[in-house]
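In the order they appear, the protein sequences are chains A and B.
Throughout the first sequence, residue numbering follows this note's numbering, covering 1 to 403 in sequence.
Throughout the second sequence, residue numbering follows this note's numbering, covering 404 to 540 in sequence.
One thing to keep in mind: the hints can contain errors.
Think about it this way: if two alpha-carbon atoms lie no more than 25 Å apart in a straight line, the pair counts; the simulated SDA-like pairs of lysine to any residue are [claimed, not checked]:
#1 B:K514 to A:G318
#2 B:K536 to B:H451
#3 A:K378 to A:V209
#4 B:K434 to A:P264
#5 A:K400 to A:M240
#6 B:K423 to A:S259
#7 B:K514 to A:K378
These are calculated hints, taken from the structure and not from any lab test.
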Amino acid sequence: MKDSSRLAIIGAAALPVGWFPDQLGMDAAVLVLRKAIRDAGIDKKEIGAIYVSPPLADEWLEYHLSFARLVDEFGLGLHNKFTGQIQAGGAGIKSMFGAARGVILTEEPKNIILLHTQSVSGIPKRLPPEAIEDFARDGSRQYIEWEYPYGMNSDSRVALVTQRYMHETGTTAEQLASVAVSHHKWAQMNPFARFGNSVTIKDVLNSDVVAEPLHDLECSKLSDTATALVLTSAERAKSMGKRPVYVLGEGSGRCTHFSIVQKPDKDLSRLPGLSEAVESALKEAGVKREDIDVIEAHGGYPVFTLMELEEMGFCKRGSAGAFVMDGNTSPGGKLPMCTNGDSLAEGHAGFGTGFRTLYESVLQLRGDAGKRQVQGAKLVLSVFAETEAFMQFDVAILGKDLV
Amino acid sequence: MAEYKKPLPQITPLSEPFYKAAREHKLLIQKCKDCSKYVFYPKHFCPHCLSDNLEWVQSSGKGKVYSYTVCRSNVPANFAADLPYSVAIVELDEGVWMLTNIVDCNVDDVKCDMPVEVAFEDITDTIALPKFKPRAA
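Okay, chain B solo, but in the shape it has when bound (with noise of 0.2 Å):
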């Protein structure tokens, strides 16, 4: 696999679980047991009611761009070779907002409230990042 100079996620006890299903390209978020709330970022308690009860759960991966930008210059050096590459807020159908990248598409084409799905983009032997990618509504 060619270097993948961008940076990469910090991967911490707390987020594990995350990148670890990453790799098999599933989506995990947190799911708090005792107030139904999902939750992501992964967090060590629930910020909604502050039980420990939070337990990894398969996300379906579909959604909707809630906003988006396409980055056209003024980027973080190791980025300059992806423009214009489109930054994106992703609502997942669990309510959860993730931060992310729409690919899979011209940058024109993406448009807020558009349904996208999540597609991982294997950047490492060992990392994958979810991004997202249109899908027929």
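Chain A with its partners taken away, still in its complex shape (with noise of 0.2 Å):
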């Protein structure tokens, strides 16, 4: 790809993730976005466009950030081009990188921003009770007809999922645990995880069962945080921004179903199209695996982030439990992968874990990620979008230096 073509992050910002009761999902935005620009080093003049991922559960502020709103809340008037909001899970961020490229080949100006928001723990003020119930429900919403009436809800279908791995692979119960001790030892060290404590295989394994064979520890809970990036294309990063990350490579996977029972290939234990975007996204970033110094890849649950070793080639199948257990993964490791704590010991950001993902892949490229910081690191292999519904993973390569 053409460095015109190719996408660049030239600016990021966050906040904690957490549960900030007094933070609205509006106030969170306008913030992490000004840190954002400042980061990038542009006037908010050179914006020209503003994507946003819809925040959960909360109709007003949706409706608000996929107009127009944060035009008048930083004067952008005279010159943005396109505010809107793209949906598609957590793997909307992916359909956000093709807008993106379509506005560095064809628009001025030509940074485009992505943004992302979202405040749970206001949900109870937001709705009535029985509204409340409904989202709890989540991913069964949509399927009133022929899940949700037999009880499923997000926690039980990745059990589902996961119970099907094991039987497939022999991973252990132990193994699974391993994924979730791996990443609170990175989430120790980082400020903005909401789960930041040390834990143990026997804690996970002794925390309640929620839906066999997952324990609470093995479950994400959903947070309030913020993230914004600034995108502009390769060949314009070069000359801007203080340290820039490119986008070496990309790979789309591919959205495979919506609900579970509809998984075309019949196997809940593998991610197709996982494996080709990877080899994608190496061939045209022009590296190897072996190269690669960070992953870090949204799982949400333990049997996504074993799948994705292997599905990826770094683990053969049925053996990346093993490789988490040994501490391949964790701080020191020979592989350091989720280096934030990933959503289940950061928290889970719902729509915007994408945007967690290439945030701490930001730091980690820039040398920025303290503690947590992987000597050296500069290339990181990330998936960045996928949904918890694990219909789709989508990669990218993101190198300090553009090769």
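Using the hints, put the two chains back together into the complex; each one sits in its own frame.
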């Protein structure tokens, strides 16, 4: 890909992930966005487009953000060309990359803002009890006909995946628990993490069973947060921004299904399309697996972290559990992975999980990751677009140098 | 019949034949007359070949547990009284997957690949939900 059509991240900002009932989603949005614009070192007149990820269960905020509220907040009226929302769950950020590429190829100004904000703690104030109950149905709510009558929610849906994955591969409960342990070790060094406590395999297995084989410490908790990224072309980034991070290669997975029982390969233990996505991203970036310094892959639940390692070719099928349990993905391990603690330990950003994954990638590549910095990190492989119903996994290879 | 507090299936013109048969404890699925593939959930046209030529056929009602979980906490409110309960994906002999509950057995006895057969639960006077129970292989 030419540098004029390749993307670069020239600004990034985030707020802590946690439970902040006094923080409105709109307040978080404007504060994080100003931080990102300043981080990029651009003038507000140079913003060509703003793409927003939908906040969870916040109709008023969604309406304002998807229209042009931010144009007013930032005084962009005479400059900005596009504002809008792109909704594809956690995978929406991949479509935002596509929209951003369209802007850098055809429009001026060529700086694009990607923004996510959400206030989960504010849901009880916004919704009546019956609507909260509806929200709690989570992924089943669209399938009021065929799924919700059976009492499934997002935890039990992933429990179905985890059970079959263990059945197929012989992965043990201890190995799965070790994923949560690895994530929590990283989160202890992440000042923005909601769950920065020390956790052992025993702690995980002793926590409440939510849906067998998943324990409470293996289930992500939706949290409040906001993240903003400023993108432009790699060509422009070379001469601007403090420390640009380049998107050296991208690979698109497949959107395989909406409902779990419609998954076309009839195999819950595999992620079709991910291995091809990694191959094409590596090829485009001109690098090999062994060149990768850090993996920043959103998983949300332990089973997806293991499946990602296997499908991406870093572990043989069925061996990722032992690989993680041996400490390879933990701080000091040979393949640092999910250095922010992933959704499980950092706190779950809803449709903004990819934003957190990319933000963490930027920190690592700039050398700004503090105590959890992977020394000399030059290349990050990121699974940045992923959805909890695991219908899609898209990857990007990010680098501090344009090769 | 005692008041049923859990969510009722939303019955639409498309799914009406399915629920009408369910009341008689018959499990219907769709089959494409053009490409011969079975279809579930009910659809307006065949998702494989996009043909309109779908017909309702009676399923054997037999299949096996593809995967399962036992819900033990943190479930939608009206399901709390049922804890623990089993949510499963059953692969029917015809090949399609159904999300369901495994009933008429101890939840701890459910296993992957376990043979099961349909067991209808009359949840109201007019609606029956297909669930599955263990069967001899």
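Evaluation of the provided hints:
no.: 1; hint: B:K514 to A:G318; in the structure: holds, 20 Å
no.: 2; hint: B:K536 to B:H451; in the structure: violated, 30 Å
no.: 3; hint: A:K378 to A:V209; in the structure: violated, 40 Å
no.: 4; hint: B:K434 to A:P264; in the structure: holds, 17 Å
no.: 5; hint: A:K400 to A:M240; in the structure: holds, 14 Å
no.: 6; hint: B:K423 to A:S259; in the structure: holds, 24 Å
no.: 7; hint: B:K514 to A:K378; in the structure: violated, 46 Å
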